[in-house]
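Just need the whole structure built from these sequences, with the hints factored in.
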Amino acid sequence: MNTLCPVCGSDALTTSTKKHALTVIYGKPAEYNEVVDTCSVCEESGDFSDLNDATINQIMKAAKKESATNMLDYLSNHNIKMSYMERSLELPARTLARWKAEDCSAAGLALLRIIRTYPWILEVADDSFSQPTASSRLVEEAGHVLKHALPRKVERTELNVLHNNNTLQVNIQFSSDITSFPDKALEPAFEQMIEGNV
Amino acid sequence: MPNAYQFDNFIHACGEQGKAVLIGSSANDARMDFGLNTQQDVLSFIANDGLEEAFYINTKIWEKNPNQAHPIMVDAYSFYSGAKPGYLAFSLSPTNKWIIKSFKHSPNDPKRKLSPAHEALSEIKQLMSPSEDK
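Read top to bottom, the protein sequences are chains A and B.
Under this note's numbering, residues 328 to 525 are what the first sequence spells out, in order.
Under this note's numbering, residues 529 to 662 are what the second sequence spells out, in order.
Keep in mind that the hints were calculated from the coordinates and are not lab data.
It is possible that some hints are incorrect.
In silico BS3-like pairs for lysine-lysine, Cα to Cα no more than 27 Å straight-line [claimed, not checked]: (1) A:Lys345 x B:Lys625; (2) A:Lys345 x B:Lys547; (3) B:Lys547 x B:Lys625; (4) B:Lys612 x A:Lys391; (5) B:Lys592 x A:Lys345; (6) B:Lys612 x A:Lys355; (7) B:Lys632 x A:Lys388.
Pulled a few chain A residues facing chain B out of the computed Cβ check, cut under 7 Å [stated by the list, open to error]: (8) Val334; (9) Cys335; (10) Asp338; (11) Glu358; (12) Leu378.
In this text, a Cβ means the ideal position worked out from N, Cα and C, and glycines have one as well.
Here it is, written out as structure tokens:
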């Protein structure tokens, strides 16, 4: 059966291919040839023969598997052991090894992306996701981000987070040898930090 | 001009095999802007109530229609997915298929100007302002 334009119903279609690269989170871009049907009557275009979905699913499956391996390797290289991750997240032993060697589910992949992005979440998990630990680790990490993002003119940055069951105390200090900033633009500002580095 | 189609009919059709298709750059925009890689991903997202706070914008005539005697209307909506604002335009073709002409990020939605990160930083900034220290 001939492919028809779903818009106007014409069969006057021309087919071409276009190279595309799909973003793979924590992985290399996955390249594929996209099929594009163009209708010469209404000039609309698209994948009217419905071929691209299967191709995309196939290449993304391989690319995601590779990204799972990359993420586990990264965590391992940063001295985060699989057995620690499994214990803190209450995953059965060898789960991560299985994800690496065989297949990683969509849920597993999502979890790995979270751990890869926020490795300190494991400490929160290891403390049974207690609210004080969750809050203090979050603020501590936010402090690290701000510290790294501070303009070079600022020196002696210090971050302290203290918490108990009732209170959370955060202290971020920074100072500079420059008593006054010659240019307003050089002054530390949160907007600069987030735009430049976060 | 009122909307040409019942929005719920469109949503329902997206959940049925072969009833809706993406055309033009909409598939690529959905991929780049919303991480919905396949046409099926987009249709399943819509059919499963993915369009939050859908808001009717306008209805226009499909300009490329080769049969001008039978005008085809295109409905446009804004929506959110989480904090991300989007834009959607669709029509019902003479072949009785729902055609998604546009599915993309719409960052200029005036309803939410600040990203969550900026909102959080504004709050921190306010907390750390000199007047608060006193």
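Less than 7 Å between beta-carbons is the criterion; does A:Leu378 satisfy it with respect to chain B? At about 10 Å, which exceeds the 7 Å cut-off, the nearest Cβ of chain B leaves the hint on A:Leu378 violated.
B:Lys632 and A:Lys388: Cα distance at most 27 Å? Distance ~24 Å between B:Lys632 and A:Lys388 Cα, so the pair holds.
If you draw a straight line from the CA of A:Lys345 to the CA of B:Lys547, is it 27 Å or shorter? Measuring from Cα to Cα gives roughly 25 Å; hence the hint holds.
Take a quick look at whether A:Lys345 and B:Lys625 sit within 27 Å of each other, Cα to Cα. 25 Å, holds
Regarding the pair B:Lys547 and B:Lys625, is the alpha-carbon distance no greater than 27 Å? Distance of about 5 Å is within 27 Å: holds.
Checking one constraint from the list: CA of B:Lys612 to CA of A:Lys355, max 27 Å. Satisfied? 25 Å, holds
Grab the minimum C-beta distance from A:Val334 to chain B and call the hint holds if it beats 7 Å, violated otherwise. Holds, about 5 Å.
For the pair supplied as a hint, B:Lys612 and A:Lys391, is the alpha-carbon distance within the 27 Å limit? Distance ~24 Å between B:Lys612 and A:Lys391 Cα, so the pair holds.
Is the Cα-Cα distance between B:Lys592 and A:Lys345 27 Å or less? 23 Å, holds
Hint status (Cβ of A:Asp338 to nearest Cβ of chain B, threshold 7 Å): Nearest chain B Cβ about 12 Å off; hint violated.
When the nearest CB of chain B is found for A:Glu358, is that gap smaller than 7 Å? With a minimum Cβ separation of about 13 Å from chain B (threshold 7 Å), the hint on A:Glu358 is violated.
Let me know if the C-beta of A:Cys335 comes in closer than 7 Å to any C-beta of chain B, holds or violated. 6 Å, holds
In this structure, the hints that do not hold are numbers 10, 11, 12, in rising order.
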